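**Q** Here is what each chain is made of, one letter per residue.
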Amino acid sequence: SQQGEEDPQALSIQEGENATMNCSYKTSINNLQWYRQNSGRGLVHLILIRSNEREKHSGRLRVTLDTSKKSSSLLITASRAADTASYFCAPRSGGGADGLTFGKGTHLIIQP
Amino acid sequence: GAGVSQSPSNKVTEKGKDVELRCDPISGHTALYWYRQSLGQGLEFLIYFQGNSAPDKSGLPSDRFSAERTGGSVSTLTIQRTQQEDSAVYLCASSLGDSRGEQYFGPGTRLTVT
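Sequence lines, in order, name chains A and B. According to this note's numbering, the first sequence is numbered sequentially starting from 56. According to this note's numbering, the second sequence is numbered sequentially starting from 186.
Okay, chain B solo, but in the shape it has when bound (with noise of 0.2 Å):
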């Protein structure tokens, strides 16, 4: 079946500017994930749906960045005022929410801010 799709694939803004990035999960998987990963550097995680609520925030790195779902199924991630440090890849994961756990990957989003 479709596996986690985001889009854009890139995305070139200028600082300053607000950009929103897209997941779409696999169908029927409950829980979305959003992480970010700069160029070298390790997985950071970002935040972590299950259905539309997300009780864990806590790896959004500053009020600029927000993201929803809704519907249960695509979430969009929101960068506002991007700074030159926000450039990184962008990844989506999905998983169906039990005790294992697996979490399947989208592509990703490479943002750069000019």
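Only chain A is shown next, with the shape it has when bound in the complex (with noise of 0.2 Å):
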């Protein structure tokens, strides 16, 4: 699987504001996900977006996808304090089943 390239590497902005990330990739795609990861929570899948969707949404995240420039970005409205993590954009292509790969993430500290 292909490797996507997050940012900003990282982010630090006022709770209750709302924090965009970005994702660049290489290769055509069939989907592309992303994770978050937390010292709480663990590493944990967010959302889905097929190649043939722009627009998703998922209660505060929403996710783009421009296919031409082959670029995703996250945003996620209204931050809390548990937004606090590092956040993975993960490209995946063919079958979908094989391992994912992982680029450095973008930070995200929510300041209270």
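Be careful, since some hints might not be right.
Stated by the list, open to error - Below, simulated DSSO-like cross-link-like pairs (lysine-lysine); rule was C-alpha separation at most 27 Å, straight line:
1) B:242 with A:81
2) B:202 with A:159
3) A:81 with A:111
These are calculated hints, taken from the structure and not from any lab test. Bear in mind that the values here come from a model prediction, so they are computed numbers and not experimental data.
Once you've looked at the hints, go ahead and assemble the two chains, each given alone in its own frame, into the complex.
**A** Below is the structure:
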């Protein structure tokens, strides 16, 4: 599987603000997934967007996908302290059952 | 329902000893993955099972590492003659094995080799 590159590497915002992070990848995909990792809850799958979708929502999360630019963004609205975590994107090609490869992620800190 | 479970949660072992890590995937998930995450490092893919067979062993770092899965369910990752550089958190994940590929992770086993 290919590795996505998350940007920025670090982001610090005030509680209640929105957080946006981006992912770029290199080759065509079937879907793109976002994962979150923090010390409390480990590594968790957040949301999946298919290659034929442009936008998807799940609670306070909004994901966009631009296949022409090979990029995706994850927006977290009305951030909370519990959103403090590292966020990783996983562009998925082929059959989809292969192992994940993560980049360095975006480390998000929510200031109280 | 129950998530992916791993045991032990922590393991401290002396250099040169063998260790066995266990993963119990979500019931019905045919695909099972092992990863390693060293301090400050990213996620390193080790091995993937579809059912009992391992189509992709490309990530195993050396022949001291092996894994098996029996009955299409529980998997064990064995590290022989452990070295200090094996110290890491070992994560297991499972998925339905379909084209979506969403993976569900266990809490990990923190291995410390002294």
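**Q** Take the hints in turn and mark each one as holding or not.
**A** Hints, verified against the model:
Straight-line distance between C-alpha atoms of residue 242 (chain B) and residue 81 (chain A) comes to about 24 Å, which keeps the hinted pair within the 27 Å bound. Only pairs whose Cα atoms come within 27 Å are accepted, and residue 202 (chain B) paired with residue 159 (chain A) is rejected, the gap being roughly 32 Å. The straight-line distance between the Cα atoms of residue 81 (chain A) and residue 111 (chain A) is roughly 21 Å, inside the 27 Å bound, and the hint therefore holds.
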